[in-house]
Amino acid sequence: METKEKTRFKHLEKWDSTLSACIRCGYCFEHCPMFKYTGWESDAPRAKIITAFGLLSGELEPTKMAADKIFNCFYCKRCEAACSSGVTLTEVFTDAKKDLVEMGLKGPGTTSVTYLNCARCLVCVKACPHEARFHGEDGIETDPVKCQACGICVEVCPAGAAKIENNFGTGREDLIAESSRFLSTHASAKAIVFACNWSYFPDLQASRLPESETHDKDYEIYVNMCAGRLESQLLMAPFLNKAWGVLVASCPEDECQHKNGNTRAKKMVESLQSTLERVDIDPARLQVVEIPAGDKTLFQAEIDTFIDRLNAMGPIR
Amino acid sequence: MIHQKGIPMKSVDESKLREIFGDNNVKTDPSDLYAFGSDSSVHHAMPWAVVRPDTTEQVQKLMAYANDALIPVIPRGGGSGMCGQTVPIQGGIILDMKRMNRILEINLPDVYCRVEPGVVDDDLNLALKPHGMFYPPTPASSRIATIGGEIANNASGVRSVKYGATRDAVLGMKVVMPNGDLVTLGAHTRVEASGYQLHKLMVGSEGTLGIVVEATLNFVPIPEYRCMGIANFDDLSHAGGAIGAIMSSGATPSMLELVDSVAIKAVNKTMNLGLKEVAASLIFEADGMVKEAVDYEINKMKEICTKHHGSDIKTSYDPKERAKIFMGRKKLFPALSKYDDSLSSTSLADDMAVPYSKMAEMAGKIHEVAEKNNIIMTAYGHCGSGCMHTKILMDTNREDQWASAKKAITEIYEYVRSVNGTTSAEHGIGLSKAESFKMEKADSLRLLQTIKQALDPNNILNPGKLMQAPEDWVTATGLRYAVHN
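Those sequence lines, one after another, are chains A and C.
The numbers in this note's numbering rise by one with no breaks, and the one at position 179 of the first sequence is 840.
The numbers in this note's numbering rise by one with no breaks, and the one at position 295 of the second sequence is 337.
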């Protein structure tokens, strides 16, 4: 039997028994948006716990690659909701991040960074719900421990200088490309649903269905990390690809994990509804609905109602 | 790390792997390899590389290369195995099948579906649901377990008492053999009597004989009616008597679960469910297309429970009430994990099966052994299938607790074998159960090894498992815990 030496992870150390308590059932990884995107088990929450154990026990060297495993997390906490051992995974990751930062391993992973074209307007500093962005010695900086990768800074930055370099499919360009692909490859396609990670909890299908099962699909759901990140270019893009409508699902008021992402989404949708109205398009073609975390019945009912409404309206002429 | 004779430690030709799978589907960084060294068991070992095929041809090319270079290949599905089946104790290449996850065909008139091995069980059921069908062997880990992994371990679950295990649902398959050859086994028919039924041999072979790249599976209609009941017992033996009586009564339960006093206390302690703390509870269910038929089945089970001194008996068709009845059983898994901050819930001796008449005695034996060895063990499980689950709660950092656990397991398996039970009912053998498995199958071990030798002469497919696994798994394999003296 091997006796393992502990290393210098003083913040992570307090999770010693938790890392053993994780029974490694893997129930977390079917819920992880990162795993859904890469398909690599080593990107899933269980692998991060295994990585944390390896770092703490000294079995795994604290390299950039190992650190990235920990820094690549959207803090959606879906893994925690699914955890059969009650492990608060993101708290473990945060403490591991503290230690790694002290060792000079700062990610960025999914945390946001600032490009040189930053105008230091401080809009991102004000908008950040986690007080992770600040004016430091090198201009606008991100505290990689505090950042929860919601991406709100990316969308509010007027200069396009705030970036999340590792989007794992949740960035604006990815979502536009994916929704365009669906609309152009499905003759029956009518709607795009942009759901925040919590409103879509917990069903995300990983396996691929045969064409015979999907050819008459009339909508597709795309997950983003926070509805507060949805902005006009993304929300209007499906209309360019002949969508009949766009539905946004967000958390209910006061339940947003990123403080006010849901109210930001509402305001954005209201503003775009006015735009649609001005060009004689029924504003009801763009809707926002509130879905409490885990209420998949309500989520499906809202989608069905929206599709019924679109069927009554027909395509945009 | 142990090494089988004839398989020297080899390094992998990374460029060859990249040529077959593409750069995006090969991992060799230690941080990735470390994560793939674990599954849901107590074991850990580092692989040399991880690859992710998308096509059968890629699997064939890999096997041809590995067979030639004598490199172990360990096929892996969801990584939810509980006995170390996918832990690469001799190193080698992990063949992660999760990317081959296409549901190829749902054929309603012929009542079968064809799937790739990486399809997740729950996903298959989601796809079958609109057609009014379901795939019944479903284990508790169905949200993560892949069909390939379920085939490798002959997985089963709560409904297997009526609908059977994975082996009963598999009609045929395509398999890549260790030398890279592709063979088609079985047929798309319900019955077959054409020779050795090699597809059935592949089920439960734990990735040691071939790599399933496509499976043809039977499915069944979702029943219109489902009724669940619960009965409490003040004496474990009364519950045991009821189990045998139900199974021999002609009634066909679609679920028959036992939960013991330790389990009930654990659920109450951690989940505050306020369940009545009795010696045992039986949860039973009947399902079917005709309500009168379900009524008949459920009434019969109620009568039997009453006759065997069951109390507080209630039944319900209402889904919310059914969920309430099942809550204690459903919450048991997490309850055991959260039982005590200093104790971890380990999967050891966790799925043996014994004849119905021995279920109660088995539960009592588990309590006796746990107390004697100063560990916490609970008895619960799919008693309708004769399967008893346990979990051992212990301080996994303490070496003496491992010694106690090992002792307890040895005693429990001795009992299981003495009553003609079997070491594993659902989870397979892997590493953790090899010791008892070898004793149980002592007179057929040579036969098993002959089959392995014939199909995999270079011993490259998942070596060091089943009959090749070391007897003393605590010392001969790496544990995933930080164990101190």
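Bear in mind the hints are in silico, worked out from the structure with no lab data behind them.
Please note: incorrect hints may appear among the correct ones.
Examples of chain C residues lying across from chain A (beta carbon under 7 angstroms, computed) [unchecked claim]:
#	residue
1	Ser82
2	Ala169
3	Pro263
4	Tyr267
5	Glu345
6	His351
7	Lys483
25 angstroms max Cα-Cα, derived DMTMM-like pairs, lysine to aspartate or glutamate [unchecked claim]:
#	chain 1	residue 1	chain 2	residue 2
8	C	Lys171	A	Asp756
9	C	Lys380	A	Asp756
10	A	Lys957	C	Asp164
11	C	Lys311	A	Glu741
12	A	Lys675	C	Asp164
13	C	Lys373	A	Glu839
14	A	Lys671	C	Asp164
Where is the CB? At the ideal position from N, CA and C, for every residue including glycine.
Verification of the supplied hints:
1. Ser82: Since the shortest Cβ distance to chain A is 5 angstroms, the answer is holds.
2. Ala169: holds, 6 angstroms
3. Pro263: violated, 18 angstroms
4. Tyr267: violated, 21 angstroms
5. Glu345: Cβ of C/Glu345 sits 36 angstroms from chain A, so the hint is violated.
6. His351: The hint is violated - C/His351 has no Cβ within 7 angstroms of chain A, the shortest such distance being about 34 angstroms.
7. Lys483: violated, 27 angstroms
8. C/Lys171 <-> A/Asp756: violated, 42 angstroms
9. C/Lys380 <-> A/Asp756: Holds - the C-alpha atoms of A/Asp756 and C/Lys380 are around 21 angstroms apart, at most 25 angstroms.
10. A/Lys957 <-> C/Asp164: holds, 16 angstroms
11. C/Lys311 <-> A/Glu741: holds, 21 angstroms
12. A/Lys675 <-> C/Asp164: violated, 36 angstroms
13. C/Lys373 <-> A/Glu839: Judged against 25 angstroms, a Cα distance of about 38 angstroms means the pair is violated.
14. A/Lys671 <-> C/Asp164: Distance ~40 angstroms between A/Lys671 and C/Asp164 Cα, so the pair is violated.
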